[in-house]
Amino acid sequence: MAKNRNLISNSFYNFKLNGRPSIFIGLYIILGSLFIKTTITGFQTDSSPFGFLTVDFFEGFIFIITLLVFFFSILAIFFGSRRYARRIGNKVWNKNSKKSLWLLLLSIFILYSILFSLLRLGQETFIISTFLMCYGFLFILFNFSKSKELYYLAMTCFMLGLLPLLYPYYGFNALFILGVAHLVFGLTGKNN
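Following my numbering, the numbering of the sequence shown begins with 126 at its first residue and continues without gaps.
Rather than coming from a laboratory, the hints here were simulated on the basis of the structure.
It is possible that some hints are incorrect.
Below, computed lysine to any residue pairings styled on SDA-like, alpha-carbon distance capped at 25 angstroms [stated by the list, open to error]:
hint, residue 1, residue 2
1, Lys271, Ala306
2, Lys223, Phe267
3, Lys162, Ile187
4, Lys162, Arg245
5, Lys220, Arg208
6, Lys223, Ser238
7, Lys162, Ile148
8, Lys162, Thr281
9, Lys271, Asn221
10, Lys223, Lys271
11, Lys273, Phe149
12, Lys162, Phe234
13, Lys162, Phe177
14, Lys220, Phe196
15, Lys273, Leu226
16, Lys224, Phe203
17, Lys273, Cys259
18, Lys271, Leu231
19, Lys224, Phe195
20, Lys271, Tyr260
21, Lys271, Met284
If you anchor each label on the Cβ, the simulated ranges turn out as follows [said to hold, decoys possible]:
hint, residue 1, residue 2, range
22, Ser232, Ile189, 13 to 23 angstroms
23, Phe160, Val180, 17 to 27 angstroms
24, Lys224, Phe177, 42 to 52 angstroms
25, Lys224, Lys273, 21 to 31 angstroms
26, Phe177, Phe262, 36 to 46 angstroms
27, Leu312, Ser172, 32 to 42 angstroms
28, Arg245, Lys273, 33 to 43 angstroms
29, Val309, Phe196, 21 to 31 angstroms
30, Thr163, Lys223, 31 to 41 angstroms
31, Phe197, Val309, 11 to 21 angstroms
32, Leu312, Leu193, 20 to 30 angstroms
33, Ile265, Asp181, 28 to 38 angstroms
34, Tyr237, Lys162, 12 to 22 angstroms
Every residue, glycine too, gets a C-beta built ideally from N, C-alpha and C.
Work out the full structure, taking the sequences as your base and the hints as a guide.
Structure (structure tokens):
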């Protein structure tokens, strides 16, 4: 793609979750949750290489996996939105887009702080449900276009957040369902 220097400045929030970015985020969430579940299962058995890790290395390994999922998700949103904005002739970076990116990074940092404090307090059973409910809150917070579909996805996150509270061993199933919900949202939404 050639560089187009005649792009128009706009005041819109250029980061959208529709189409391909949502599909990629769904795939990243599914792969991340499956990889974390495999790691935890391997940590609990002695025959797996993960069984020889200390708890600190194990927590760090899971932290790296979740950080990579968030990093690749943000990249998917950026590159999908960049492609769409250039196709219609707009610049990607403007005041509102920069503000929403910094707000997103701040909210991810706050979410990680909450989840890390739950881990340090020994409340591991509440980590996945807290993540899902905060993730749904982020959808409501960043729904600048007031899309009904994004509100439905936020409600799905809240309901999925209740699932691990009622059934403690269904946390990874809830994360897997969240990934599938992102895939469905991306496939049924407007394609970028």
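- Query: Hint by hint, which ones does the structure fall short of?
  - Reply: none
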